[in-house]
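Chains U and X, in that order, give the protein sequences.
Residue numbers in the first sequence follow the numbering used here, run continuously in steps of one, and reach 687 at the last position.
Residue numbers in the second sequence follow the numbering used here, run continuously in steps of one, and reach 1851 at the last position.
Errors might be hidden in some of the hints.
Said to hold, decoys possible - PhoX-like cross-link-like pairs, simulated, lysine-lysine; straight-line CA separation at most 20 Å:
| hint | chain 1 | residue 1 | chain 2 | residue 2 |
| --- | --- | --- | --- | --- |
| 1 | U | Lys-326 | X | Lys-1422 |
| 2 | U | Lys-373 | U | Lys-384 |
| 3 | U | Lys-384 | X | Lys-1531 |
| 4 | U | Lys-326 | X | Lys-1756 |
| 5 | U | Lys-244 | U | Lys-566 |
| 6 | U | Lys-274 | U | Lys-237 |
| 7 | U | Lys-538 | U | Lys-587 |
| 8 | X | Lys-1543 | X | Lys-1531 |
| 9 | U | Lys-489 | U | Lys-373 |
| 10 | U | Lys-573 | U | Lys-533 |
| 11 | X | Lys-1542 | X | Lys-1731 |
| 12 | U | Lys-326 | X | Lys-1759 |
| 13 | X | Lys-1531 | U | Lys-385 |
| 14 | X | Lys-1542 | U | Lys-373 |
| 15 | U | Lys-373 | X | Lys-1543 |
| 16 | U | Lys-274 | U | Lys-304 |
| 17 | U | Lys-573 | U | Lys-531 |
| 18 | U | Lys-489 | U | Lys-274 |
| 19 | U | Lys-264 | U | Lys-304 |
By construction, these hints were calculated from the structure, which means they are not laboratory data.
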Amino acid sequence: MSHFERRCNKEEDLPVYLARPGSASQSASQSPRQKSYGMFSSVEGAFENKSIALESYCAQRKRSRSRENLADGDSGGPPNVGNVFETCASLRPRLVVENATAARLRCTAVQDRRRRTLNSDRLLIKGGRVVNDDLSFFADIYLEDGVIKQLGENLIVPGGVKIIEANGRMVIPGGIDVNTCLQKPYLGTQTVDDFFQGTKAALAGGTTMIVDHVTPQPGASLLQAFEKWQEAADKKSCCDYSLHVDIPHWHEGVKEELEVLVQEKGINSFQVYMAYKDLYQMTDTQLYEAFSFLKELGAVVLVHAENGDLIAQEQSKILGMGITGPEGHALSRPEELEAEAVFRAITLGNRVNCPVYITKVMSKSAADIVALSRKKGSVVFGEPITASLATDGTHYWSKNWAKAAAFVMSPPLSPDPTTPDHLNSLLACGDLQVVGSAHCAYSTSQKAIGKDNFTLIPEGTNGVEERMSFVWDKAVAVGKMDENQFVAVSSTNAAKIFNLYPRKGRIAVGSDGDIVIWDPDKMKTITAKTQQSAVEYNIFEGMECRGGPLVVISQGKIVYEDGKLHVQQGVGRFIPRKPFADYIYQRITMRSKTMAARGVSRGMYDGPVYDIPATPKYVTPAPSTKTSPAKNQPPPIRNLHQSNFSLSGAQVDDNVPRRSGHRIVAPPGGRSNITSLG
Amino acid sequence: MADRRRDWWDKEDDLPVYLARPGTTDQVPRQKFGGMFCSVEGAYESKTIDFDALSVGQRSSRGAGQRAAARGSASPEGGEREREPEREPEREPPREAAGQPGDRGVGIISSTGGAGGKELLQNLDDLGSDRLLIKGGRIVNDDQSFYADIYMEDGLIKQIGDNLIVPGGVKIIEANGKMVIPGGIDIHTHFQMPYRGTTTVDDFSQGTKAALAGGTTMIVDHVIPDPGSSLIEAFDRWREWADEKACCDYSLHVDITHWNDSVKQEVESLLKEKGVNSFQVYMAYKDLYQMSNSELYEIFTFLGEMGGIVQVHAENGEIIAEEQARMLQMGITGPEGHVLSRPEELEAEAVFRAITIASQTNCPLYVTKVMSKSAADIISQARKKGNVVFGEPITASLGTDGTHYWSKNWAKAASFVTSPPLSPDPTTPDYLNTLLASGDLTLTGSAHCAFSVAQKAIGKDDFTQIPEGVNGVEERMSLIWDKAVVTGKMDENTFVAVTSTNAAKLLNLYPRKGRIAVGSDSDLVIWDSDAIRTVTAKTHHSAAEYNVFEGMELRGAPLVVICQGKIVLEDGKLQATAGSGRFIPCSPFPDFAYKRIKARKQLAVLRAVPRGMYDGPVSDFSPMSRGGTPSASARTSPTKQTPPVRNLHQSGFSLAGNPAQRGAPSTEETPIRPAGRRIVVPPGGRSNITSLS
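Next comes chain U alone, as it looks inside the complex (with noise of 0.2 Å):
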């Protein structure tokens, strides 16, 4: 903050023309009024404007700010009120490069014309309306190098930029899609979308990052698979991108990979699977070891929670019936198998004392749970995707087979048609966080591989480019979230989880320059032939989608306007992720300082014991044989007859007739006594 004033001060020196609207007659002691991030930037501009310094500005520089911070005030008002005096009041924000009509650019017009090629990294985006998660307030943004170097107002900004006039609408950080699957293998074959073309779609629906799953096949590399992933996502994301790594198995040999992948290669979250039994399941024991292993590395554990071995079951019951179609997937995973993997991830959590974060939210009684755990304070994270927030499970039993495969997920789709409005409701009131989409799109001939064979067809829902305008078709445009919360689950949140923040999930100076401007009132119907994913089916077909972005600056550059993308293949980096973040570690870290268990100081029992033939295990079992893993079960050392013994309550129980025959080594008529400390 401080350096940003410092160089603010340097920039009055500089020739007019570069665009610093104050007059030279300014005091150096008055600091430009640009807002750094923080909580209260916007209460600073309050502040400033309370201030009357009119004559330092002229007049028309006032009475812009003025309009501003009159729409600022009443932020639910029409943002263009008063706009009267600028740019001519199209409906739809232009995007202004230096060609502007706008009176206030007249003076650097004629640079900025000449330096538009040479600058095209530099960006000012004027009279937008800041919206992140804690606050919204109206701010200019300045873009340079892929970085928000600037916020605040009449910012003093080299020349050469190119300028996007917001007009008041919603400026916000472009989100965060934290789950794709973009070159998932089935079978030989891979998802129509590559990176490539998925990332574009994410880039079209105003998602300007992405996090991949790596899937390892079984018995593969982990490292290998990692590189793998990261060569062909560098080769051809248009946006930034992040990766999970699945972990297919868990064995010894896995634990020095994930270790290396932590802290060498910047991942920080990893996915187990509790469904898909004999592949990737992994017993309770299993994600008890892989749980406290992750936690000690500060990795957040993404768990598909399905209980696989009744899947199992189920399908062969089905099968069994002669259901060979896509409601068969529906019918074989019920959402109580859902529900039951959610509960049992979540106990595991609690046990290990490890944050857990439930990958693809799809049914009503997944969700209540997680929200119930929440509620106890587990440390749990739910993430509804695009699908289950914006269509339901009865597509399962269309009539035409391809419309039926292309709904075909894991977790299925709740036949239920409540749940989408149930789970934008937790998701507006917090109790699930994130959204992603769980994008992994196949075509219809690749889901026919599975046409007499439910269980067959690859799984993947499309959902990358939808996902924001859904989200606030579904739950701000009924009024149910409102902005700030849209921003926190659609990016900022997914950033806190995974430790992107504020580098991503936030516009405020120093953060990277990926912004959306949003229009909310856009209205679009999702059809295939006009989406960016290659999929030839979008489940959402035919839905009307109110909500999209406008203008999509990724990296600092203005991938998609006029709903035309300019993309280039990639371009796209890897965004490492330090582990144990903030947001889910602080409290773990706390828990484990003060969840420790201890023991009970007593004497030594030195009562009679009685004597345990040594029978090898299994032929007299009884059920409170329990085999703990440390099964040094040790020998009986003392077993002094001659001591005496005595119970609580001062009982001598002498009186009541024992009967014979059972051996008990107490001796007759003695005592003992246990030595006790206390």
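Once you have looked at the hints, place chain X on chain U.
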């Protein structure tokens, strides 16, 4: 009715008093049969005012009864006790049952002084020892309470009603308005359970004696076969032990400790031929009894079809094993490690999982030993969602809590060791009692499994070796009375339901057991709701040296216990005969659980969607090889995949909506596809999905 009654009375007046056999041949006896409405019938009677027809004594007797009832409910402690004055002469010869009680009732009331309360009498007659008449008691069933006399013969209840006509030579017990309840059924015991070469200190004789002393007249014990051994052999062994020693009727659950086809057959024959209808499976005890989810699914499916009840020991054994290792590693070896390694969450988790599996397989579920609030909550939520699930809290979880695991006295701490452990949350018992009263938990057991301190000491250096089990069979009924009824949570009818009736229903023994009705077994308890006793190992009937309820004062106790028509407890003296207990076979498909299940079975038929064959393009794929190039979507289903047969490149395909019209544009206009993906869509081709409708 009124007419009948009038006649009867009139006639009776003519008979000599000593005949005591009221009624002449033409007279219709007014005994009541054990139907729903018998007391209502009685109620009408007493409302019919026919002064002339009734003798004064008679009427006042009835009035007294009612008065007592009113009083009893208003101030349980005071009124009734006074009223049971000394017992009356019992061995009176056949006397006229009808007229006399009236006088006597009056008499008693007037002679309130007698503090004794004990009555009964009958030790003498050896002749009529199986004929018993309980007079003047308030019969409390799970649905209603009413005043009536009970006449029993040959171990069965023969008549219920006022003014019964009974043969001579009966013993008469004057209940004086006290509650007469069906004998308790303890649905969960482990008597004489073998454990690593030893057995629990309470064998069937000791254990059933304790049960009888507490008002429980039937127990259901668990047969625990060794993993790998025959269920039927184990069952026979247990039968042998129990037949030899049991003092009360018993039945058996069989635990399924391993699962395969031969076990399946054994289970079937146990169900169909041996009279076992409930089987326990374990979700805990890893590597020993624990069942995997798949096995659970199979067992549940099987038992659901055969009409059995699945009982689960619900704890997540895998996590427990991990936690135990962790505790031991941290150096915690005492009994507190037991509860630390088995937190209640793991119980709740397993309960949740069991309910999920049961609901998937449409099988009724019985959760044994509900020990924690969270597990109980899961059950009550599931019941609200319509699952057929029954929860069984046990004496220990209703009466005490897990704070004792931290006792400095090792022997005391160890004696509380049971699984799932008692919850360290001291509010648990209260909570469980509330759920029991509200019906969310259905019945109660004791999980009585008593080990001596020396046996517990097997685990003195390692809590995982401590044999698990607490006492509770004797205290069960008193404790529930004290914790739930006395505190006003539960009424007496619910008390009967949770201690006896519901268990009988679940075992399919109702109404033979669990109800006082004509034709039911004469297992009865005269309950003294005001007796106060202090639980202590000194006076309890179990052989265990330590009682987990040591020192608790409990209000409510059995005054007289009648088992198989014989008085086994009176005046605090127990007279039980080992070996008199019979095995009571239970039949499958108890209505209590299966009515709903059957109805759902008919509804829950899954149907496939009739569709045309998909005849569009199918992309090439490499057959699935486990571990080779699998993907997340490669699910392993028992029925393996069929290779794609048809790959009609020439056909087009249409998506969404109406396949007929809108097919055309979709393929043509799809945006650029990334190069390199292997798709078999023909360029420009189109396929139609034939549709049946």
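Results of checking the hints against the structure:
1. U/Lys-326 x X/Lys-1422: With Cα atoms ~18 Å apart, U/Lys-326 and X/Lys-1422 stay inside 20 Å; holds.
2. U/Lys-373 x U/Lys-384: Within the cut-off at roughly 16 Å; holds.
3. U/Lys-384 x X/Lys-1531: Cα-Cα ~16 Å, so holds.
4. U/Lys-326 x X/Lys-1756: 19 Å, holds
5. U/Lys-244 x U/Lys-566: 19 Å, holds
6. U/Lys-274 x U/Lys-237: Holds, at roughly 13 Å.
7. U/Lys-538 x U/Lys-587: 40 Å, violated
8. X/Lys-1543 x X/Lys-1531: 18 Å, holds
9. U/Lys-489 x U/Lys-373: Roughly 17 Å between the alpha carbons, so the hint for U/Lys-489 and U/Lys-373 holds.
10. U/Lys-573 x U/Lys-533: Between U/Lys-573 and U/Lys-533 the Cα gap is close to 15 Å, so the pair holds against 20 Å.
11. X/Lys-1542 x X/Lys-1731: At roughly 45 Å apart (the allowed maximum being 20 Å), X/Lys-1731 and X/Lys-1542 break the hint.
12. U/Lys-326 x X/Lys-1759: Measuring from Cα to Cα gives roughly 15 Å; hence the hint holds.
13. X/Lys-1531 x U/Lys-385: Measuring from Cα to Cα gives roughly 13 Å; hence the hint holds.
14. X/Lys-1542 x U/Lys-373: 16 Å, holds
15. U/Lys-373 x X/Lys-1543: With Cα atoms ~13 Å apart, U/Lys-373 and X/Lys-1543 stay inside 20 Å; holds.
16. U/Lys-274 x U/Lys-304: 17 Å, holds
17. U/Lys-573 x U/Lys-531: Status holds; Cα separation ~15 Å.
18. U/Lys-489 x U/Lys-274: Roughly 39 Å between the alpha carbons, so the hint for U/Lys-489 and U/Lys-274 is violated.
19. U/Lys-264 x U/Lys-304: Satisfied, since the Cα-Cα distance of roughly 12 Å is no more than 20 Å.
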